[in-house]
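**Q** Please model the entire structure based on the sequences and the hints provided.
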Amino acid sequence: MISIGLVFIMHLGFASLESGLTRSKNTINILFKNVMILAIGLSTYAFFGFSLMYPGEAFAGDYFGFKGFGLPLPNGGLTETYNVGYTFYTEFLFQAMFAATAATIVSGAVAERIKINSFLIFSLFYVGLIYPMVGMWHWGGGFLAEMNFHDFAGSTLVHSVGGWAALIAVILLGPRIGKYTADGIKPIFGHNVPLATLGVFLLWFGWFGFNGGSVLSADPATVSLVLVTTSLAAATGAVGAFFTSYIKFRSYDVTMILNGVLAGLVGITAGADVMSPNEAMIIGAISGGLCVLAISTIDRLKLDDPVGAISVHLVCGVFGTLAVGIFGDKAGLGQLWIQTKAILIIAGFCCLTSFVILYAIKRTMGLRVTAREEIEGLDTHEHGMTAYPDFRLNEH
Amino acid sequence: MISIGLVFIMHLGFASLESGLTRSKNTINILFKNVMILAIGLSTYAFFGFSLMYPGEAFAGDYFGFKGFGLPLPNGGLTETYNVGYTFYTEFLFQAMFAATAATIVSGAVAERIKINSFLIFSLFYVGLIYPMVGMWHWGGGFLAEMNFHDFAGSTLVHSVGGWAALIAVILLGPRIGKYTADGIKPIFGHNVPLATLGVFLLWFGWFGFNGGSVLSADPATVSLVLVTTSLAAATGAVGAFFTSYIKFRSYDVTMILNGVLAGLVGITAGADVMSPNEAMIIGAISGGLCVLAISTIDRLKLDDPVGAISVHLVCGVFGTLAVGIFGDKAGLGQLWIQTKAILIIAGFCCLTSFVILYAIKRTMGLRVTAREEIEGLDTHEHGMTAYPDFRLNEH
Amino acid sequence: MISIGLVFIMHLGFASLESGLTRSKNTINILFKNVMILAIGLSTYAFFGFSLMYPGEAFAGDYFGFKGFGLPLPNGGLTETYNVGYTFYTEFLFQAMFAATAATIVSGAVAERIKINSFLIFSLFYVGLIYPMVGMWHWGGGFLAEMNFHDFAGSTLVHSVGGWAALIAVILLGPRIGKYTADGIKPIFGHNVPLATLGVFLLWFGWFGFNGGSVLSADPATVSLVLVTTSLAAATGAVGAFFTSYIKFRSYDVTMILNGVLAGLVGITAGADVMSPNEAMIIGAISGGLCVLAISTIDRLKLDDPVGAISVHLVCGVFGTLAVGIFGDKAGLGQLWIQTKAILIIAGFCCLTSFVILYAIKRTMGLRVTAREEIEGLDTHEHGMTAYPDFRLNEH
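Sequences listed follow chains A, B and C, in order. First residue of the first sequence? That's 1 in the working numbering, and the numbers climb one at a time after it. First residue of the second sequence? That's 1001 in the working numbering, and the numbers climb one at a time after it. First residue of the third sequence? That's 2001 in the working numbering, and the numbers climb one at a time after it.
Don't read these hints as lab results, they were simulated from the structure. Here the structure is a predicted model, which is why all the values come from computation and not from measurement. Hints are supplied without guarantee of correctness; some may be wrong.
As the list claims (entries may be wrong) - If the Cβ cut is set under 8 angstroms, some of the chain C residues that face chain A in the computed set are: (1) I2002; (2) I2004; (3) L2038; (4) L2042; (5) I2116; (6) S2118; (7) P2187; (8) I2188; (9) L2301; (10) G2384; (11) M2385.
Unchecked claim - DEER-style ranges, computed between Cβ atoms: (12) I1116(B) <-> G2348(C): 44 to 52 angstroms; (13) G1184(B) <-> I177(A): 32 to 40 angstroms; (14) R363(A) <-> P2389(C): 58 to 66 angstroms.
Said to hold, decoys possible - In silico contact screen, one side only, chain C against chain B (beta carbon under 8 angstroms); selected entries: (15) R2176; (16) G2178; (17) T2181; (18) I2185; (19) T2236; (20) I2257; (21) T2340.
Don't be surprised by glycine CBs; every beta carbon is placed ideally from N, CA and C.
**A** This is the structure:
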């Protein structure tokens, strides 16, 4: 139950991080998107997502199942009969808070140029349908669970599910105006670094719930191991990002450190329950370094991801999932092959479905705002208000 | 105990929301007010409020009781003997954190024009005396408890108690200079929307404690139901506000969505323990819509409420209390009549007492700053400092 | 376990407070420092700090012990066998979060002029070596524990350990340019007061974990007493600071109130488990007043402490430790003498060691940035970026 509150706070973390790392002229837009994602995510998950993800016996196969519309009452009616430490409602709410995360990851990558309505409709389908279907394959007792895939709290099932869609969306949308010019790659700085830092701390805080809460029975021994592996991976993620960015770019860029923290967190998420603290530190450090390299590589590929979501959630999500086959209690070639297969299947499914949804939106309502709206800012055009009306802004 | 921390965080939420939704020239003033409300609230509640609200046997009637000054030691001395899951100190602190909320609600409505000393003195009386007396009627075993009134976590006992005083204060104070002009109603935008958004997320987070903690025995079945109804009402509150403001004003105003979240939370607070998730979603959606309509109606009545406190806490607090008689396990005409009676009695008492206190202050020390102080900002005049000295501000 | 999350949030609180109370040209620097302190703190504490602080039988004397490098696995392997309510991992992580606090206290005092690399190296030694050695004397079963010293959650062992180093660092560094001029003391205002306020609220929130979690067995009776004494001391800390600053300076300076809250929290930390609520209120009020007086005294001594860290953590840490001999269950001349001896021993050790480390750094890599870097801002020079690139800043 406490974990629900913590996972909830991750949504504030994402909202702060994203708005901090983008320009002030699009801040209202990002805040609007992030509040609505959570609202829509919770509502649709109650209406049908939960029934898709945990179909129980009814209609359930290995690949698909559905329990019906609306949130059914649990055993025993309104106030259920329950097992100690674990209730139907707790499960629902925890999963619902998770579900909205997938869309939030996409939100960062498409920031500053996507149409608000188009994004909300995408979120509706992706959070309402695609995420629960993939989730069912593993957590709902589907074929990934049967083949012994290990993804403790969602390096693949949450982070890469969001990450693949972010990648597809970034390709379909194209870069922000002025980012890739004839003169080379122009960095576009975020407008409020303290806000972004706040976001990362809140995400770390929330991750205690994300990972800790995934030990569903709240067994103190496992929960406390998971909290230690999670925290140490975050810490060494920062250290790994620090050394990588210092060695490669001679920079003390705080945004790299912040993404390093998130990279460490995403990287440990798949195996937080099977790693020793020392292995967690190694995984964190690799994730932090990997993320810095991925950010500059993705930028060189002219994929414009304003907040580094693809590097953090997709690249480190994939690495973390593979790491379960390399480090820790489950290490082994057999497990590594299982992990790889699952990654590829989910990659295929997510890329395909997100492409279909996004392409359909692109051909009908359009994905991207006009050049004028983008240059003048989405806040003025889509929302008729600005985030900081009292302050004088620089032209740019 | 965890809930205490969460309810505490609501005070940060209120401080952030209020300062975000007002102008930068009054930010110090709002922060000062909100920190002092909490400090004064906790101190006075320890000194006499708790004894008024939970008089126990001593002097207790159905309408009034008092146990004496100072916080008595519990059974068993400093470290008490206690019942499992529940202690005297926990109860005290949880209630003390609640108490200060009533004054914070008023704080938002009177922002940008009230004298700081006058407000602090009002808070002292309202939090120290009026709130505990009303609370005693229901939670302290008084006549409302006897007549079977149902207000789970305070739609009426907390939110409308604050809301009625906010209404009276707004009437006695008058609108901010420049708000209602010959040319019509001029919107005064908040200076920091990310800060306001942070505030709403923190309030939602805190509400898990506000409502969850009100299940005093921490029975997992009820707590988890309450967390689900609370979250779903917040989510559909945002959705309801979105559609209402889109249909009525064709706007994507993020502050409406934020107030919609709060409206959903206030609306479900009275009946969070007796509603099914689906009923919670309906109550949230109605509250969200109602709040948007109330904000524009109150503005047309030339009642200047800078943050929408009356719409959120009073209007949705009343609706949520009535909703207990309309939806859920307790629905019925008899219950609806009980709810209505309680609302009316509390309305009368709070309007009367807040009028007496505020009017007495108005006639003696004055309620409102001078026009010059208001135009130049309360920060410079009352505090001799500004919130953002490094930044260049627009004139207005 | 919950307390771990709360103590973690204190690091966000410190980062927000410090960056809010300093100038915008040094914001990136402060955020960078605070994220890295936490990352380095957790990593080194895992690598050797924990083994120094809790040496167990191996090599342990009364003054020094060491268990070996790396975090050993607990009893029972990866997922340990544990005692109810308390695990090896929980203990490690809670202590690791504490450890980094000592360096964070220093960070505020040296802000706006220290070299980033020099500070990180200092932190490495102070958090990795000095803090655990002092901690071992008391919490690791060393000679302070044997002599019956009482410091419940670290007024001395955490706050003054940081505070003494802060004092030494401030002396060795010298004041910021422009602070003490021929025309007198020039106040240098913080650039973002809402951020500082957020920081203080988060610190208060985190203190529930800092103090509450120090009741290691989570005995509800003691934890709830501790939460009450902690909260009431914070509240009366604000009230004490309010009256002191009003009487002495006729000011409504919100930063004084904020420091008053922290002062109350630091003051109660040593005796939170042995004070009655009423005694806690007295200790809080004295701490709040003391802190305001200390801030102005330290400023008159031309010791430039941008955030008031010495006044809050050192002065009130010492007072709080003495208060255990004056108020509450342990009061008595004997105890007061024990408290005094422990304070003096730790003062000597911390001043000496921090002087040695800092002086060595000063003579080799240098402690302070150049005058040009300081005037133009550390963000541009050390980090090549600014915290708020979209906003126009005032020259100063």
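**Q** Now tell me, hint by hint, if it's right for this structure.
**A** Evaluation of the provided hints:
1. I2002: 6 angstroms, holds
2. I2004: 6 angstroms, holds
3. L2038: 7 angstroms, holds
4. L2042: 4 angstroms, holds
5. I2116: 6 angstroms, holds
6. S2118: This interface hint is violated because 13 angstroms lies over the 8 angstroms limit.
7. P2187: Check failed: Cβ of P2187(C) comes no nearer than 22 angstroms to chain A, outside 8 angstroms.
8. I2188: 18 angstroms, violated
9. L2301: At about 31 angstroms, which exceeds the 8 angstroms cut-off, the nearest Cβ of chain A leaves the hint on L2301(C) violated.
10. G2384: Holds. Min distance 6 angstroms.
11. M2385: 6 angstroms, holds
12. I1116(B) <-> G2348(C): 44 to 52 angstroms: Hint holds: Cβ distance 45 angstroms, inside 44 to 52 angstroms.
13. G1184(B) <-> I177(A): 32 to 40 angstroms: 37 angstroms, holds
14. R363(A) <-> P2389(C): 58 to 66 angstroms: 37 angstroms, violated
15. R2176: 15 angstroms, violated
16. G2178: Status violated, d = 14 angstroms.
17. T2181: For T2181(C), the interface hint is violated, since the closest Cβ of chain B sits about 18 angstroms away, which is over 8 angstroms.
18. I2185: 16 angstroms, violated
19. T2236: 6 angstroms, holds
20. I2257: 5 angstroms, holds
21. T2340: Violated, about 24 angstroms.
Of the hints listed earlier, those the structure fails to meet are numbers 6, 7, 8, 9, 14, 15, 16, 17, 18 and 21, in rising order.
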